[in-house]
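Participant: In order, the protein sequences belong to chains A and B.
FYI, in this note's numbering the residues of the first sequence are 10 to 657.
FYI, in this note's numbering the residues of the second sequence are 138 to 449.
Each hint should be verified, as a subset may be incorrect.
[Stated by the list, open to error] Below 27 Å or equal to it, Euclidean Cα-Cα: the simulated DSSO-like pairs (lysine-lysine) are:
{"#": "1", "chain 1": "A", "residue 1": "Lys146", "chain 2": "B", "residue 2": "Lys372"}
{"#": "2", "chain 1": "A", "residue 1": "Lys146", "chain 2": "A", "residue 2": "Lys386"}
{"#": "3", "chain 1": "B", "residue 1": "Lys241", "chain 2": "B", "residue 2": "Lys383"}
{"#": "4", "chain 1": "B", "residue 1": "Lys383", "chain 2": "A", "residue 2": "Lys146"}
If you are wondering where the hints come from, they were derived from the structure by calculation, not from laboratory data.
Since the model is a prediction, treat every value here as computed from it, not as a measurement.
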Amino acid sequence: MAFTRTLGWISAALALLLTACGGGGSAGDVHPGADPVIVPGEPNAFLLFPNPQVQPDGSLQTNTDAYAKAYYAAIDPNNTKDTLAKWKAANGFDTGTGTQVTTVFGDSRDLGFGRRITGRQNADGTLAFLTENYLIKTGGAYDFSPVNLEAAIVRDPNALVYVAGIEVSPGSAGGVSFAKFFNFNVATGVREDTVDIDGRGDKAMPGPCIVCHGGRADALTPPDASGNPRFNLLLNAVSGNRGDVMGQLPPFEVSTFQFSTTPGFTRADQEPILKTMNKWILCSYPLPAPSPSPEDACRRPAGVGEWQGTAAALLKAAYGGDGLPNPTYVDPPPPSSWVAANQTSLYATVVAPACRVCHQMRGTGRQSDIDLETFEKFQSYADRTFATVVDRGNMPLAKLVYDTFHASAGEAALADFLVGQGFAARDSSGAVLRPGRPIADPGPDRVVRQGDTHLSAGNSLFADTYVWSIASGPNGAVPVSGATLTDANTAQPTFNATTDGTYVVSLVASNASAKSAPKLVSLVVQNALTPAPSAIRFSDIKAALQDGMVCQGCHNRFTPLKAPIDFTNYDRDGDGAVTPTDDAWFYAEVKSRVNFEEIVASPLLEKPSGHHHFGGLGPGFDTSLPPGQAGRAKYDLFLNWILNGAPQ
Amino acid sequence: MAALLNLAAPTPSAAQDTGKGAAVAPDSGSGDQGPSSPSGSARRIVDRVEIELGYTYDDNVTLGRAHDEILWDQLLSLDVSASRALRVDDNVRFVVTGLASGEKFSRYDGLSRLSGGLQAELQYRQSGAFDAITYAAFARGWLDNYASHLRDGSHYSLGVNARGALTDRIGLLGELAWSQRHAQSDVWDLTDWSARVNLDYSLGNRGTLYLDGEYRRGDVVSDGHATLVNVSLAKVFVLDDAFPDKQLFAYRSDARNWVSTVGYNLPLGQRTSIDFSWRRVESTPTATLSFDVQGSLRYVDNQYSVVLLKLF
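Model the full assembly from the supplied sequences, consistent with the hints where possible.
Facilitator: Laid out in structure tokens, this is it:
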């Protein structure tokens with residue numbers, strides 16, 4: 010059958026055609042609508058607080074629905090703003106009262122959205138900003154594209170990814186206005202507990218907003234009589250409201266925006282609107298000292314314990330100084346300190362594009378190193394900069410800024426700065442180190458008793474395999490006697506010493522593709538240590554905090570110093586009596602200052618040991634001394650409590 | 138019947154899959170008469186060889202929508218086909234055709250290509266009567282090698298058709314086809330259905346006038362800038378390597394396409410003719426955008442061709 014054979018050959022040929030050619034897609038193919046690809050093993054802690062409040066089960070409390078619910082309950086206790094329509098009505102939108110303007114621009118630097126922001130200033134001075142964020146998903150990073158701006162102009166509902174509302178208004182009981190952050194469902198308008206700002210998954214409100222708006226994210230209280238936890242109360246917040254996270258409104262840095270060429274949406278069209286909004290924002294900033302400038306007349310005096318309106322300097326400089334004489338925004342030159350230190354390049358390539366927008370919203374009247382306004386402040390944070398930018402990769406805070414930074418000259422400039430400060434920001438070949446490589450962290454040096462001590466590699470980064478070893482014994486003895494290490498190839502080995510002395514333990518962490526350098530930890534064995542590390546409880550910590558007036562002398566709600574936390578016993582839940590419930594709340598407040606993701610960075614350890622602390626170095630917290638010395642006994646106590654999980 | 142029997146030339150063949158249409162082949166004599174007129178010599182490897190040498194001016198090779206997205210070009214083409222008819226019985230025959238084709242563009246060389254393929258067609262004709270209709274089912278497959286690497290791949294079609302003579306001057310062909318294309322880039326992974334009608338009007342020795350109308354529903358590729366409209370229409374897009382200095386993105390969208398061709402075939406001899414045609418492609422995306430768009434979403438492409446055809 011010639012016909013059958015021929016048909017067979019043709020079928021085979023056609024099959025070959027189909028399988029041999031094409032298919033699979035090219036590297037440049039872009040499929041609109043696809044979410045960004047999250048690469049396993051790469052940094053992915055964007056838009057999260059450096060201390061996200063790790064809970065015993067490993068979850069991050071600041072990223073839970075409970076956190077969002079407690080926040081909304083604090084700022085809107087009667088649910089009068091639980092939909093977009095209600096929120097708009099409550100803030101006077103489209104009523105013809107007050108002043109209302111709308112701007113549209115491309116946020117090409119920070120989040121990549123096309124943004125349509127309608128802002129209004131009410132007659133009573135309260136402010137509200139409704140932000141529609143537009144993004145055409147293209148499967149890569151949440152990068153800016155002019156089509157996002159186009160989408161904002163035409164209000165393409167398919168590209169609307171989230172709707173944010175920020176108002177600056179008093180709490181439900183009145184008083185000083187503070188910023189409140191809302192997120193609404195793009196389709197239904199219902200207020201939502203979570204928001205996905207960067208395509209990397211939902212995050213609980215208000216975290217992804219306030220992390221860059223200057224807010225704090227302390228832990229919730231234990232449940233109150235209603236069975237629900239309450240949002241934290243920051244004692245240095247002038248408003249005195251739970252829910253006042255001390256967040257602010259960053260200036261619109263117009264020079265970083267992109268604008269359309271469409272009439273009505275050009276930069277020239279938008280500049281006057283943005284200046285109006287920036288003047289409103291300036292009005293929301295507390296004023297640290299009296300000012301004759303008319304634009305400052307609307308600002309309330311700053312409390313000493315709060316943010317001092319630092320970003321006002323940038324705003325004023327951008328519009329020509331006091332009086333805001335210039336009609337358009339011009340990116341201001343580096344602050345004088347940076348010029349005097351001859352560090353303008355570092356400022357221009359690192360601080361201005363990658364740090365300033367968030368850091369300028371931080372700091373208080375008592376301690377403001379974190380605002381990085383001067384080179385000296387930036388220098389004082391070199392250790393944390395190295396940890397967060399080079400090791401952990403959780404700074405810069407937003408993925409788009411992170412990507413831009415690591416593709417820019419700023420990466421090398423920062424590395425050179427850090428090398429100059431004594432940090433190994435380049436490898437042996439001179440290449441800039443980037444986050445994502447395995448980092449071994451055996452935990453901080455500590456004092457322990459004889460017997461079992463449980464070690465943990467849990468603070469290591471980008472690793473899944475661990476190898477521990479005892480590098481040396483007392484007086485540097487090798488080989489080591491008097492101590493053993495079991496489960497040495499796990500994340501949590503047990504060290505057992507039968508003889509006092511200082512032992513050095515090494516940890517090497519690795520992943521499928523790389524191995525870390527060995528990291529050493531000193532374990533000072535003192536069998537007379539009291540209390541035993543495993544026996545330390547909150548009562549011991551509280552006793553140290555309340556020892557004389559060293560800590561509680563400033564950290565009480567009555568002093569004019571306005572520290573954010575009170576270390577005294579008082580009626581925290583407001584039920585009229587100081588009860589064990591108040592102690593549980595106190596415990597939560599203190600534990601909130603423990604960073605279980607990076608223990609050495611816990612404010613409970615950092616602050617009293619003299620890092621960016623208005624009170625300086627506290628007695629018993631001198632970390633220049635080796636573990637076990639009397640001069641750092643309180644630090645050792647706190648550290649061992651934390652290493653043991655900070656039990657109540 | 139000349140045009141009706143010209144099945145060798147692929148229909149969707151050009152760079153953006155709007156391809157220039159099939160020209161009318163000169164009368165090839167008894168070899169193309171259908172199943173009831175079986176081929177002559179069994180010793181010949183092929184019954185029919187056809188060569189087409191053409192020139193085409195295309196006013197929208199990008200199939201662009203906006204003014205600044207529309208680019209024109211001109212191209213030379215060479216198509217060679219060789220077919221062999223195998224008799225199955227008195228009413229059925231099987232025609233196998235080997236195909237080779239090339240296009241050389243003048244301005245945008247990335248669109249230039251070489252292709253080779255095979256077509257198999259099973260034809261049935263009830264009788265040798267003048268008005269007997271010939272029914273056929275065909276399968277066609279091509280390998281494509283473009284100067285634009287993204288377009289490299291293959292395409293194939295499956296379809297059925299019927300052809301017959303209405304009068305001694307008028308021939309008619311109707312065809313339904315399903316086509317699919319695979320390429321290096323997903324943008325050119327295309328699927329469509331088409332319905333086509335072709336009408337030939339013979340002018341005797343003065344040649345043949347023909348009209349060809351096709352409705353095609355499915356994927357279409359256009360080039361354009363990264364605008365919201367284009368991105369919203371796109372199922373997938375890629376920076377097009379065929380227009381390296383233009384920053385144009387090729388994107389695939391779903392569209393309704395009307396392809397119409399008007400042509401005139403002038404015999405230059407027993408086995409040679411020259412063909413003049415105007416082919417118009419009009420595509421309208423099926424997607425409904427969620428925002429107001431100024432102007433039309435319609436794409437129009439005109440191709441003006443002169444083709445010299447030679448049968449052996």
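Participant: Let me make sure I understand: some of the numbered hints might not hold for this structure. Which ones are they, in numerical order?
Facilitator: Per hint list: single violation, 2.
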